[in-house]
Amino acid sequence: MKNLKRQPLSTIAEICEYLHIGKTTFYRLSATPGFPEAIRFNQRIVRYDLVKVIDFIKSEPLKESA
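Numbered as in my numbering, the sequence shown ends at 73 without a single skipped number.
These are calculated hints, taken from the structure and not from any lab test. Just so it is clear, the structure is predicted and the values come from calculations on it, not from any experiment. Note that the Cβ used here is the ideal one computed from N, Cα and C, for glycine as well. Careful, some of the hints might be misleading.
[To be verified] Heads up, simulated DMTMM-like pairs for lysine to aspartate or glutamate below, C-alpha to C-alpha not over 25 Å straight-line:
1. K65 / E24
2. K30 / E44
3. K59 / E24
4. K65 / E44
5. K59 / E21
6. K65 / E21
7. K30 / E67
8. K30 / D62
9. K59 / E44
10. K30 / D56
[As the list claims (entries may be wrong)] Here are the computed distance ranges between Cβ atoms for each label pair:
11. H27 / Q50: 16 to 22 Å
12. D62 / E24: 15 to 21 Å
13. P68 / R47: 18 to 24 Å
14. A38 / K65: 30 to 36 Å
15. E44 / A20: 31 to 37 Å
16. L16 / G41: 31 to 37 Å
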């Protein structure tokens with residue numbers, strides 16, 4: 008596992024790998040109000056604060072699939 012203290016900013020792929028989720032699930036989560044804002048360096052380089060994303064997911068109640 009990656010050390011969270013050494014990698015404050017992560018790509019979408021790194022977050023998906025760490026959380027064991029797919030990109031579709033990540034994009035669905037990122038559309039949720041309160042999800043941490045993306046840090047954009049330009050149009051193609053986007054990073055997220057992994058610790059904030061994990062904190063957000065922990066604070067969200069689980070929703071059952073239909």
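Please list, smallest to largest, the hint numbers that this structure does not respect. Checked against the structure, the hints that fail are numbers 11, 13, 14, 15 and 16, while the rest are satisfied.
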